[in-house]
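For this one, chain P is given, so just place chain A on it according to the hints.
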Amino acid sequence: MGDAAASRLEKGLDLPALRDMATRIRRHIVTMLAEAKSGHPGGSLSAVEIVTALYFGGILRYDPKRPDWPDRDRFILSKGHGVPVQYAALAEAGFFPVEELMTLRKIDSRLQGHPVLGTAPGIEASTGSLGQGLSIGLGMAMAARLDRKDYRVFVLLGDGECQEGQVWEAAMAAGHYAPNNLIAIVDYNKYQLDGAVADILDLEPLAEKWRAMKWHVREIDGHDLGAVLEGLEWATSQPGPACLIAHTVKGKGVSFMEGENAYHGVAPTEEELARALGELEDVLTRAEHSIEREAAEEREAGR
Amino acid sequence: MKELYEGLRLGKATRDAYGEALRELGTKHDDIVVLDADLAKSTKSAYFGEEFPDRFFNVGIQEANMVGMAGGLASCGKVPFISSFACFVILKGFDQLRMAVAYPKLNVKVVGSHGGISPGEDGASQQSIEDVALACSLPGFVVCVPSDEYQTRAAVEAAYRHKGPVYIRTGRPKAPVIYDGVPQDFEFGRATVVREGTDATIVANGLMVGAAVVAHEKLRRDGISVRVLDMATVKPLDEDAIRRAAEETGAIVTAEEHLIHGGLGARVAQVVCRTHPVPMEFVGLNDTYAESGDPGALLRKYGLTADDIATAVRRALERR
Numbered sequence: 001m002g003d004a005a006a007s008r009l010e011k012g013l014d015l016p017a018l019r020d021m022a023t024r025i026r027r028h029i030v031t032m033l034a035e036a037k038s039g040h041p042g043g044s045l046s047a048v049e050i051v052t053a054l055y056f057g058g059i060l061r062y063d064p065k066r067p068d069w070p071d072r073d074r075f076i077l078s079k080g081h082g083v084p085v086q087y088a089a090l091a092e093a094g095f096f097p098v099e100e101l102m103t104l105r106k107i108d109s110r111l112q113g114h115p116v117l118g119t120a121p122g123i124e125a126s127t128g129s130l131g132q133g134l135s136i137g138l139g140m141a142m143a144a145r146l147d148r149k150d151y152r153v154f155v156l157l158g159d160g161e162c163q164e165g166q167v168w169e170a171a172m173a174a175g176h177y178a179p180n181n182l183i184a185i186v187d188y189n190k191y192q193l194d195g196a197v198a199d200i201l202d203l204e205p206l207a208e209k210w211r212a213m214k215w216h217v218r219e220i221d222g223h224d225l226g227a228v229l230e231g232l233e234w235a236t237s238q239p240g241p242a243c244l245i246a247h248t249v250k251g252k253g254v255s256f257m258e259g260e261n262a263y264h265g266v267a268p269t270e271e272e273l274a275r276a277l278g279e280l281e282d283v284l285t286r287a288e289h290s291i292e293r294e295a296a297e298e299r300e301a302g303r
Numbered sequence: 304m305k306e307l308y309e310g311l312r313l314g315k316a317t318r319d320a321y322g323e324a325l326r327e328l329g330t331k332h333d334d335i336v337v338l339d340a341d342l343a344k345s346t347k348s349a350y351f352g353e354e355f356p357d358r359f360f361n362v363g364i365q366e367a368n369m370v371g372m373a374g375g376l377a378s379c380g381k382v383p384f385i386s387s388f389a390c391f392v393i394l395k396g397f398d399q400l401r402m403a404v405a406y407p408k409l410n411v412k413v414v415g416s417h418g419g420i421s422p423g424e425d426g427a428s429q430q431s432i433e434d435v436a437l438a439c440s441l442p443g444f445v446v447c448v449p450s451d452e453y454q455t456r457a458a459v460e461a462a463y464r465h466k467g468p469v470y471i472r473t474g475r476p477k478a479p480v481i482y483d484g485v486p487q488d489f490e491f492g493r494a495t496v497v498r499e500g501t502d503a504t505i506v507a508n509g510l511m512v513g514a515a516v517v518a519h520e521k522l523r524r525d526g527i528s529v530r531v532l533d534m535a536t537v538k539p540l541d542e543d544a545i546r547r548a549a550e551e552t553g554a555i556v557t558a559e560e561h562l563i564h565g566g567l568g569a570r571v572a573q574v575v576c577r578t579h580p581v582p583m584e585f586v587g588l589n590d591t592y593a594e595s596g597d598p599g600a601l602l603r604k605y606g607l608t609a610d611d612i613a614t615a616v617r618r619a620l621e622r623r
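Same order as they appear, the protein sequences are chains P and A.
The end of the first sequence is residue 303 by this note's numbering, with every number in the run present.
The end of the second sequence is residue 623 by this note's numbering, with every number in the run present.
Okay, chain P solo, but in the shape it has when bound (with noise of 0.2 Å):
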């Protein structure tokens, strides 16, 4: 293993600095779909927290400077949409400069509109067309157990992705085989393009249906960062195929958004970005604020 990989995996941010990290995940992503003037906000800003966990609470074992390094864990989105959170974390891990975030969708970037393996550094997989990464992840878990390598696949599920067929045939495939290095992580934000999973095509019982495939399941709340970190630990140490099922918010973080269908493929507009940094700043400025409290509580009672 890497020396800046090992490090990695020791060294995850503290609560108060995820949380802060996930804050400026959503300002980036928020910036680069307005600057792009499409993308999908809801689903991306639904996933912040399982994605800034993975990536920097010391979940993911990556070294942005050597993104191919054959012992990396993989992280696999395959609700390929929601990619915006993750090049935003990639830019903020160093796997590319901050500033190429601004070049989302445009004609030449390494940015693609979903996620193409071989362009942006850090992109494990092409996604985009639902249901595949799943499969994908297996097959990837399974290479590591054909070369005894201990490299961990985690893959990030869409909730309406789950009612694409393939998801279930990689879903009974990997109980069948039983990787212990298969994380499947479902962002549940109770939304897909036309209206509620609910409505459209009911997942319930969901967790029963991965229990069905012999997968360790649990449910957390998804934009809980303690929570988060704590199912992914468990996840990790589990003997086969684990699954967290993560109760989000789609829109999450954006007062307007959340929960507001209307932004599943619709970027903000000028105003309603510079409405949503606002927020999003005042977020920042309450968690320092918050910190300094803390610091002075602590000097307070260390007296």
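For the record, the hints were derived by calculation from the structure and aren't laboratory data.
What you are looking at is a predicted structure, and each value in this text was computed from that prediction instead of being measured.
Just so you know, not all the hints are guaranteed correct.
As the list claims (entries may be wrong) - In silico negatives: residues of chain P with every beta carbon more than 10 Å from chain A: (1) ARG19; (2) MET142; (3) ALA178.
Unchecked claim - Here's a subset of chain A near chain P, in silico, CB distances under 7 Å, partners left out: (4) GLU353; (5) VAL362; (6) GLN365; (7) LYS381; (8) ALA403.
Even for Gly, the Cβ is constructed at its ideal location relative to N, Cα and C.
Here is chain A on its own, set in the frame of chain P:
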């Protein structure tokens, strides 16, 4: 079926040659992994599975997942060979071939058995007449339809050597033998002149090469000299061999066990009209599915015999 290939010896089925070649390759190369979707005994990938159970995944009846898994394995350095019937692996796995193999240019080898209508009695749902057109439509894919057991062996070895996605179509019945042994000079994109001729050229692949050789003999008896080109690789085409055939023989007939739209014939015509336009005829299925029946009877009913090729050659010559 034997009566259709008068003068030629029936050898092994190309699917058998695939299974044997794959097993041999497995002894030399640890990076080969093989996946099948519950048709391993039919596609003959089971030969590999018996020898190397640790590197063999029978994923069950789920072609889409099989293709996706192959993409994941390839992105981690493995060389997956994945098999099912041609119609199932290409049609049921098509979007997965697009997203998990072609688009990311991954090193996956797809081998579809039971190509064409010669699987016979099981009927049209198990026959494959669209696979070559679909595979050719995937950017970056090499598409190969070998004619006999020896060329199949060469094609499977070439597929391993080639870095990138490959589709090989094999057949169910015993195939007429075209070559004396495994052709040492085989490479993707290079056609083989199987019979020389000056009046017209038959461009064929798969089972139709045997029929073309028989047609060559029949026409020779009538004083017509026909070149037979084995165009095993449908993509990339040997454009040079096609241009020379057009220039030197002045008429071209294509013959394929596939729809005439989108497969070998259509692709050869694209080259002919760009380089040296000459009269062309197309032997293949014309916008129709076949049905159940004895393979020989089917090939006769749907116009895929030496006689059909010879008739097409005469038609082309009339227009020259």
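Practice item. Of all the hints given earlier, name the ones this structure violates by number, lowest first. Key: 2 and 4
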